[in-house]
Amino acid sequence: MRYLALSVGFVGVLFLGVAYWSASRSSLSPGELVRRCEASQPAWNGYQEDIKEIGAGPVAQWQGQPVSLRIRETTVYLTVVLEGPWAQWEAAIPLLMKTPEGRAFRNARYHHGPGGCVYEFDALTTDAVTLPPWLDIQYPHTRKRLHLDGEGKWQAPAVSPDAR
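Taken in order, the sequence shown gives residues 350 to 513; the numbers are from the working numbering.
None of these hints come from the bench; they were simulated from the model.
All of these numbers come straight from a predicted model, not from anything done at the bench.
All C-beta atoms, glycine included, are put in the ideal place defined by N, C-alpha and C.
Don't take every hint at face value.
[Stated by the list, open to error] 16 Å max Cα-Cα, derived EDC-like pairs, lysine to aspartate or glutamate: (1) LYS502 with GLU469; (2) LYS401 with GLU381; (3) LYS447 with ASP485; (4) LYS502 with ASP485; (5) LYS447 with ASP471.
[Claimed, not checked] Label pairs and their computed distance ranges (CB to CB): (6) PRO449 with ALA405: 27 to 35 Å; (7) ALA405 with GLN504: 28 to 36 Å; (8) ARG384 with PRO482: 32 to 40 Å; (9) GLU450 with SER378: 37 to 45 Å; (10) PRO482 with VAL383: 31 to 39 Å; (11) GLY406 with ARG452: 25 to 33 Å; (12) ALA392 with TYR426: 20 to 28 Å.
Please put together the full structure from these sequences, using the hints given.
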């Protein structure tokens, strides 16, 4: 009998926890989400945990893939195609980029467009005469190395319809 009471109590607490989590996910206003994203300053090594301060629910809903990167002067432009609610939201979760020298940067700006969200990093110094061979990027659920061509560009490989 005692095990039955404990089981019922555990299920009740679990139900209340799920109900609270669901309610807190939907209570985040669009303005608050933008504010939290802009205020977030995640560290490279703690990124996945640091961004949860934005809100565990919205972070868990983030789905996206980098599709292109280009360097123009001292700015790096990374285009990410977003899916799910983040494709509609004005907020942009902060992304990080790391150079071969080990310097990590948070995106300085972003703008949503028809091809995705373009993240801008003010990362390269004006005295750089050579482009980096690669850049590491970190975004929710993933850390990835992008190998650049001689012009400072990277393009995601095309996915064939058979591979989907």
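Fill in: Structure versus earlier hints - violations, ascending order
none
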